[in-house]
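Q: The task is simple: from the sequences and hints, build the whole structure.
For reference, the chains in residue letters:
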Amino acid sequence: MGRPREVDALDRALARLAATHGHEGDALVLRPFGRRSPLGALLAAIDETVLPRTLLIRNAAGETLSFDAARRRLIAVRPGPGAPVPPSAPDPNDASGLDLLGQALHDFAARAPLHLRQKAATDAAAAEGMRAADLATRWGAPMAAGPPPDPGDILDRLLDAHAGVIRACLIAADPAEAEADGEPQARALLDEFARTAAACPAAQRGGRLLAVSRSGYGLALLEMPGVALGLATEPGAADAVTADLQRVLLGWS
Amino acid sequence: MNDADPGAAGASASALVARLDSAVAAARGDAAAYFDLEAGLVLGASAWPGLPQEALDALCRAAPPLLEGAEGGSALIASGLEMVVLQRLAGEDATALCLVLDPETPPEEARAAAARAAQAMAPAGEAA
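Heads up: the sequence lines are chains A and B, in that order.
Per our numbering, residue 1 is the first one in the first sequence, and the count goes up by one each step.
Per our numbering, residue 1 is the first one in the second sequence, and the count goes up by one each step.
No wet-lab data here; the hints were simulated from the structure.
Since the model is a prediction, treat every value here as computed from it, not as a measurement.
The beta carbon of each residue, even a glycine, is placed where N, CA and C say it ideally should be.
A few of these clues could be false.
For each label pair, taking beta carbons as the anchor points, the in silico distance ranges come out as [claimed, not checked]:
| id | chain 1 | residue 1 | chain 2 | residue 2 | range |
| --- | --- | --- | --- | --- | --- |
| 1 | A | T137 | B | A25 | 42 to 48 Å |
| 2 | B | A39 | A | S215 | 26 to 32 Å |
| 3 | B | P64 | A | A110 | 21 to 27 Å |
A: Structure representation (structure tokens):
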């Protein structure tokens, strides 16, 4: 199974944090989670982050989560301003406390958007905390990404949602060998576009989406691991169809 | 004796970075790069390049076939990490702007952002 896209998002945020020219202040917004439970996604992000830093994630309710990226450990979840709930830290010897913390973290992750920043330099990385992988196992929150949607189902949904504006479509394991169905001109353009895409540098591990307008048609090609889905549309519908494919790429539908 | 003026070259590179930074600001994007499509060269990038050099090189190689015959002179390449718009520049047949945006940017907004960036890239006096 591929690497969770939420982890990619965290990587991207961390890369920005490490950059000299970050331009969003000292906090970065993490994308909403995709085809996963918020808790599993958050634990996966912690588990796969390797950086010699302690980081804070703050959610929309003002609650904060701190984790030791170097040791892939959750250190604590702290309530927002004025909340009556005390801070929670994972204690491997306190089973009921861990259950409560699991619920607290689940609620935390659901309160997007999440903002990530480094802890103050004077706050040295703590040695306490628990490994994210152990917590995921205990809480039954799988960190692996769920299965990608079936391309046929995606196509059916798009045909329903954009009835009358899709002029050609293709589903193929190899875009270079793809043969579209539909109106002749749209089909030819889509086949050519798929071959062009196949000649481009390899897609990133999570897949990619290419879109362009040519000869009066909107052309979009979604490449996921092992399969490509292409569509030729009326020009006025191109952005809407591309946006739907983008949602699939991001794991939102 | 080499006639090249290192100071002038440095100033030119700085000017290009400044233009690209202006493009990024106009687009409210993450980063931008400037491609020579004929030579297959990345001519420059904004102060925060947004992508590793090898990724920019790969996009530069991919740009000519994607932009061939593209209406509006633009093509979108999205991944889970970023939305990239390749945008031809008015009056410059062999170059393109590569604009890096947040991966959640809707396609329509991405194209509009690229148009703003391309306008901001235009040398003084050429902007519409």
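Q: Each hint: holds or not?
A: Checked hints:
1. A:T137 <-> B:A25: 42 to 48 Å: This hint holds: roughly 46 Å between Cβ atoms.
2. B:A39 <-> A:S215: 26 to 32 Å: 28 Å, holds
3. B:P64 <-> A:A110: 21 to 27 Å: 45 Å, violated
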